[in-house]
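Colleague: Chain by chain, the residues:
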Amino acid sequence: MTVFIIRRLMQSAVVLVVMSALVFVGVFAIGNPVDILISPQADQAEIARATAALGLDKPLWEQYFVFVINALHGNLGVSFVFNEPALRLIAERLPATLELAFSAIVLSVVLGLPLGLYVGLKPETALSRTIAAGSILGFSLPTFWVGIMLIMIFAVELGWLPSTGRGATVNVLGVDLSILTWDGLRHILLPAVNLALSRIALVIRLAASGTREVVHMDYIKFARAKGLSQSRVVGVHVLKNILIPIVTVLGLETGAVIAFSVVTETIFAWPGIGRLIISSITVLDRPVIVAYLMMTVFLVILINLAVDILYSLLDPRVRYGEASA
Amino acid sequence: MTAAADDEIAPAKESPETPLRRFVADFLASRLATAGLVLLLAVIFVALFAPLISPQNPYDLASLDLLDGRLPPGSQSAEGMTYWLGTDDQGRDMLSAIFYGLRTSLAVGALSAVFALAVGTALGLVAAYMGGRVESLIMRIVDLQLSFPAILVALILLALLGQGVGKIILALVVVQWAYFARTVRGSALVERRKEYVEAARCLALGDTRIMLHHLLPNCLPPLIVVMTVQVAHAIALEATLSFLGIGLPITEPSLGLLIANGFEYMMSGKYWISFFPGVALLIAIVAINLVGDRLRDVLNPRLQT
Numbered sequence: 001m002t003v004f005i006i007r008r009l010m011q012s013a014v015v016l017v018v019m020s021a022l023v024f025v026g027v028f029a030i031g032n033p034v035d036i037l038i039s040p041q042a043d044q045a046e047i048a049r050a051t052a053a054l055g056l057d058k059p060l061w062e063q064y065f066v067f068v069i070n071a072l073h074g075n076l077g078v079s080f081v082f083n084e085p086a087l088r089l090i091a092e093r094l095p096a097t098l099e100l101a102f103s104a105i106v107l108s109v110v111l112g113l114p115l116g117l118y119v120g121l122k123p124e125t126a127l128s129r130t131i132a133a134g135s136i137l138g139f140s141l142p143t144f145w146v147g148i149m150l151i152m153i154f155a156v157e158l159g160w161l162p163s164t165g166r167g168a169t170v171n172v173l174g175v176d177l178s179i180l181t182w183d184g185l186r187h188i189l190l191p192a193v194n195l196a197l198s199r200i201a202l203v204i205r206l207a208a209s210g211t212r213e214v215v216h217m218d219y220i221k222f223a224r225a226k227g228l229s230q231s232r233v234v235g236v237h238v239l240k241n242i243l244i245p246i247v248t249v250l251g252l253e254t255g256a257v258i259a260f261s262v263v264t265e266t267i268f269a270w271p272g273i274g275r276l277i278i279s280s281i282t283v284l285d286r287p288v289i290v291a292y293l294m295m296t297v298f299l300v301i302l303i304n305l306a307v308d309i310l311y312s313l314l315d316p317r318v319r320y321g322e323a324s325a
Numbered sequence: 326m327t328a329a330a331d332d333e334i335a336p337a338k339e340s341p342e343t344p345l346r347r348f349v350a351d352f353l354a355s356r357l358a359t360a361g362l363v364l365l366l367a368v369i370f371v372a373l374f375a376p377l378i379s380p381q382n383p384y385d386l387a388s389l390d391l392l393d394g395r396l397p398p399g400s401q402s403a404e405g406m407t408y409w410l411g412t413d414d415q416g417r418d419m420l421s422a423i424f425y426g427l428r429t430s431l432a433v434g435a436l437s438a439v440f441a442l443a444v445g446t447a448l449g450l451v452a453a454y455m456g457g458r459v460e461s462l463i464m465r466i467v468d469l470q471l472s473f474p475a476i477l478v479a480l481i482l483l484a485l486l487g488q489g490v491g492k493i494i495l496a497l498v499v500v501q502w503a504y505f506a507r508t509v510r511g512s513a514l515v516e517r518r519k520e521y522v523e524a525a526r527c528l529a530l531g532d533t534r535i536m537l538h539h540l541l542p543n544c545l546p547p548l549i550v551v552m553t554v555q556v557a558h559a560i561a562l563e564a565t566l567s568f569l570g571i572g573l574p575i576t577e578p579s580l581g582l583l584i585a586n587g588f589e590y591m592m593s594g595k596y597w598i599s600f601f602p603g604v605a606l607l608i609a610i611v612a613i614n615l616v617g618d619r620l621r622d623v624l625n626p627r628l629q630t
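Protein chains in written order, with this note's numbering: chain A, 1 to 325; chain B, 326 to 630.
Any given hint could turn out to be false.
Claimed, not checked - Simulated pairs of lysine to any residue, SDA-like, Cα-Cα distance not exceeding 25 Å:
1. A/LYS122 / A/GLN230
2. A/LYS122 / A/HIS237
3. B/LYS595 / A/TRP160
4. B/LYS492 / A/SER279
5. B/LYS492 / A/GLY26
6. B/LYS595 / A/THR164
7. A/LYS221 / A/SER128
8. A/LYS58 / B/LEU485
9. B/LYS595 / A/GLY165
10. B/LYS595 / A/LEU158
11. B/LYS492 / A/ALA256
12. B/LYS595 / A/ALA155
13. B/LYS492 / A/HIS237
14. B/LYS492 / A/ALA21
15. A/LYS240 / A/LEU121
16. A/LYS122 / B/ARG356
17. B/LYS595 / A/PRO162
18. B/LYS492 / A/SER20
Since the hints were derived computationally from the structure, they do not count as laboratory data.
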């Protein structure tokens, strides 16, 4: 187990180094920032001085080295647009994004799991067919289109829910949260549903197919033969056995949820990191782009690592496979 | 090769059950899939013949009238033309804009999927056939890439490359090739151990020939399924990126851009500028997915009883 974790840790470190090099070379080595930062009238000496001040006269590997050292000190450059450290800009907006992502994941479990169980237990009813068809649609619909429709129906036509911003927030341990106020809850509902929709569909599918396999197992038959109530059979014996793939897939989806919040945040004007990156890409604010990409890549790698370890803890069969390999 | 041979032999046996006919009959057995296929054919028809069937050329500025801007569906222009789906802020007929947008969206989606298919299939075949170091290197890259969300990979690439039709196609290819590589390798690994490959080796045929003429045709069914799914995926991703303003440039308006263009008028109740392009996008994606779903069922021998 320890060997497995160490090996996965090293793999993750390698991936992080490769991605940072890619992002660095891609964003910094293409084009010359001096052209943008200095006036066109500047003479050769001035250009040389600016180049030296930015460290651009050094060979590429040395520039990358300086970039990594700075990054490890939490310095990913200063935003051209906001004139603030890029990392602070990201850190300020990260709680909003994480809150949205968390709400979406919770929604997808709370809605997806019961629906999926129902479809798996009673696959032939009309309601099950409707849910299953709906889950296919949930996969097909592009997130941004669903978001627009949600705004059109619930914000514009019916006027029930607000469509922009976070609403009132409560400061908990230095972090502003929306989900703790009524106004904030009203604001987060539409974006969270929007972000959750394809995840709900995913959980429904996983839960339904898992249930359909599990109910024919001997231990379920035995549990029924023992005379256990339906709720205990489903709630304990079935649920425990379908949960592993759902936990893993949802864990891996967390990274995708954070990445896809780019779309939801843009539509609902949610002040998270997704909106920041889109505006930074349009105005070519390089330090913020790099900071966002590094941050998200780091988060995704961390999540994948955590899920892998969790998976091997939940399912001993995986551990055996690793040990013999 | 084998499929073609079977087709020729089967009629001689006086049986109408050729593999192709059975495949078509199986496919059409599902009413939903048939509806999907009809829709898909309609969408392709519209995309191909957009310039011929559009009531107006939406990008010929001379035919636009700013006074016709933001008219609701069913309004009449000064010359008596009816805007069935309304007009956008430039006075453009939405129906024509959607036809042209569908053309762009479908072309970008299909092109990127075809390129990704070529790259992914080649690498997947090489990985399965060569084995060893080459295989583990290729598959390591595939795993690495699939562990990142598609939109994140696309964002990284577009942040590095900038905008443009070629660049978005490149980004979509990079996002998609890994799925093809994984699929091809999976089925090629199984096929590689079969006797016909050994026979081909005994005939001292070249590696390329064995891979392309013997392995590849037998890996096609799963590839076709992945292809349909990926075309839909590419169209949706391109629309998303264009909606965010980092996809196709404004000179090549795809459906995503049309939707983004109408989004700001949504709040004032002028729903049609965003709504109808969205419906068109939806029809295209759902139709492709319905066909893909059915193909998976029909082509998968494990599901056939």
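Colleague: Against the earlier hints, flag every one the structure doesn't satisfy and list their numbers going up.
Modeller: 13
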